[in-house]
Amino acid sequence: MKRMPVLLSLVLAFGLVAGACSSGGDATLVAEGKLTVCSEVPYEPFEMEDPSSPSGYTGFDIEMMSAIADELDLELVVVNTPFDGIWLQPAAGACDVVASAMTITEERAENARFSDPYYNAAQSLMTLAGTGVTTLADLSGRTIGVQVGTTGEMYANENAPADATIKSYDEGAALFLALEAGEIDAILQDLPVNGYRASQDPKFVLVETYETEEQYGFGMALDNEGLAGEINDALKALKDAGTYGDLHEKYFGTRGE
Amino acid sequence: MLGPVLTWWNGLSKRRKVRFWRGASYVVFALVLVGIVVMVDWGRVVDTMIRPDLVGEQFPKIITIAAKNTVIFTVLGFSGGLAIGLMLALMRLSQSKPFRWASAIYIDVVRGIPLLVWILLIGLGIPIALGIRVPGAYGPGALALSIVVGAYMAETIRAGIEAVDRGQMEAARSLGMSYSRAMIWIILPQAFRLMIPPLTNEFVLLLKDTSLVSAIGVTVTSKELTRWGRDGVIHSANATPLVVAGLVYLALTIPMTRFVARLEKKAARSK
Numbered sequence: 258m259k260r261m262p263v264l265l266s267l268v269l270a271f272g273l274v275a276g277a278c279s280s281g282g283d284a285t286l287v288a289e290g291k292l293t294v295c296s297e298v299p300y301e302p303f304e305m306e307d308p309s310s311p312s313g314y315t316g317f318d319i320e321m322m323s324a325i326a327d328e329l330d331l332e333l334v335v336v337n338t339p340f341d342g343i344w345l346q347p348a349a350g351a352c353d354v355v356a357s358a359m360t361i362t363e364e365r366a367e368n369a370r371f372s373d374p375y376y377n378a379a380q381s382l383m384t385l386a387g388t389g390v391t392t393l394a395d396l397s398g399r400t401i402g403v404q405v406g407t408t409g410e411m412y413a414n415e416n417a418p419a420d421a422t423i424k425s426y427d428e429g430a431a432l433f434l435a436l437e438a439g440e441i442d443a444i445l446q447d448l449p450v451n452g453y454r455a456s457q458d459p460k461f462v463l464v465e466t467y468e469t470e471e472q473y474g475f476g477m478a479l480d481n482e483g484l485a486g487e488i489n490d491a492l493k494a495l496k497d498a499g500t501y502g503d504l505h506e507k508y509f510g511t512r513g514e
Numbered sequence: 058m059l060g061p062v063l064t065w066w067n068g069l070s071k072r073r074k075v076r077f078w079r080g081a082s083y084v085v086f087a088l089v090l091v092g093i094v095v096m097v098d099w100g101r102v103v104d105t106m107i108r109p110d111l112v113g114e115q116f117p118k119i120i121t122i123a124a125k126n127t128v129i130f131t132v133l134g135f136s137g138g139l140a141i142g143l144m145l146a147l148m149r150l151s152q153s154k155p156f157r158w159a160s161a162i163y164i165d166v167v168r169g170i171p172l173l174v175w176i177l178l179i180g181l182g183i184p185i186a187l188g189i190r191v192p193g194a195y196g197p198g199a200l201a202l203s204i205v206v207g208a209y210m211a212e213t214i215r216a217g218i219e220a221v222d223r224g225q226m227e228a229a230r231s232l233g234m235s236y237s238r239a240m241i242w243i244i245l246p247q248a249f250r251l252m253i254p255p256l257t258n259e260f261v262l263l264l265k266d267t268s269l270v271s272a273i274g275v276t277v278t279s280k281e282l283t284r285w286g287r288d289g290v291i292h293s294a295n296a297t298p299l300v301v302a303g304l305v306y307l308a309l310t311i312p313m314t315r316f317v318a319r320l321e322k323k324a325a326r327s328k
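If you read the sequences in order, they're chains A and B. Positions 258 to 514 (my numbering) are the ones given, in order, by the first sequence. Positions 58 to 328 (my numbering) are the ones given, in order, by the second sequence.
Just chain A, with the same shape it has in the complex (with noise of 0.2 Å):
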């Protein structure tokens, strides 16, 4: 019995460390001054790799957490991360925000929360010159590419001729690999990706775009209200200084919302 209160203070120690770690109300970050973004490069022109640059990654998502981070007077990190299921990787403190090229969805909102939107996005259907194939339904019995996890995904399962097959790829970027190898006969993605990627490789056509009405958001954990409100008021002051549309004509010719 002499033991006992020895084991005993020791399980209330190891409780009490435990305890204490839990949060507030406020804005948490996950590193002290930083503001950590995961984000999966390459999905250009949103984010793409640039030794240059000080976070070392560029693109629409990347400077315009960039300006956010300068708003908020925070250092800009950027943690480069699978897409499948990245919403979940702030409640999981792998970051603070997921700023990358996500759309908005129910379900994704159910384990996190959004910013306002910040861009406007459609899916859309891309073949290889000279396939002949101009709709969906052409696609009848053929192969179509999509990205796990992504709203082109689950356009593709609700859309595509029942006897097409879906195949689904872990990382955007192995996508147009596949194309090209001719394991698939089409990718259905995000319009501004697809559309980019047309206009930098004639190889690639873009054939069929479907007007979803969807739109892009900043993804964090549920519990952080505090920095979804300062990322909300930073989105803001950055649409009003012009700063957003400057950006959004560098990427893709237009001044945006």
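No lab work stands behind these hints: they were computed from the structure. Some hints could be false.
What the hints assert, rightly or not - Pairwise CB distance ranges (calculated): (1) B:194 - A:327: 23 to 33 Å; (2) B:304 - A:337: 23 to 33 Å; (3) A:482 - B:96: 28 to 38 Å; (4) B:294 - A:374: 19 to 29 Å; (5) A:502 - B:304: 44 to 54 Å; (6) A:337 - B:169: 54 to 64 Å; (7) A:330 - B:62: 52 to 62 Å; (8) B:223 - A:398: 55 to 65 Å; (9) B:294 - A:337: 20 to 30 Å.
Being a predicted model, the structure only gives us computed values, none of them experimental. Every residue, glycine too, gets a C-beta built ideally from N, C-alpha and C.
Based on the hints, put chain B in the right spot on chain A.
Frame of chain A; chain B shown alone:
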């Protein structure tokens, strides 16, 4: 403060010191166990890692689709690997120098590059470069697994063949059998009996390595266990599907590893 403790310790006999350490190890073990039981919030663990309704949702498809595909990839990869490995082993043991060199180069090159790189090369790299595609939903993944497993198996098979007593070959040849006939009918059957434990281990390793084939794309019907679990985690924001996938892997691997352990014990006893 240390003084009295030291005098007490030095006064103990060797046997009592041993007993003290054994007792101490039990106390530490019990403390860790009690600590885990008390400190872990079991309600939370169940809710986030093994939620009953989500466990139920996984069945039966985790078996009829995911586990089935894992087993198909494993069996295809293993059969192909066995054929390649046997060929390489025989080339390695042959009298012809070019055969021996070719086999040694293959084994070194293939084993020196990670499996994931082979899978990406065969699934994406070679089709782009040469326009050659491996057909079928399982084709590219199974071929990559075969190529790599074959290189590892070659060494196992060679060791098995070399472990058969030299006298067996000499006796067979002296009875008028040709080299290849003696190899096929006398040496290989005995070698394979010796190779069952290491080959079963290869099988278990391969079964787990099939988790890499999803890197070259999967369809709803070609998902294997790991991809299944990962997709489940994303859709439910809960670790349960991955935990269940892990348990299904265990259900497949544990009988095999136990089987090998029994064989090895039997072999050790018969020596």
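Subject >> Hints the structure fails to honour >> reply: 1, 6
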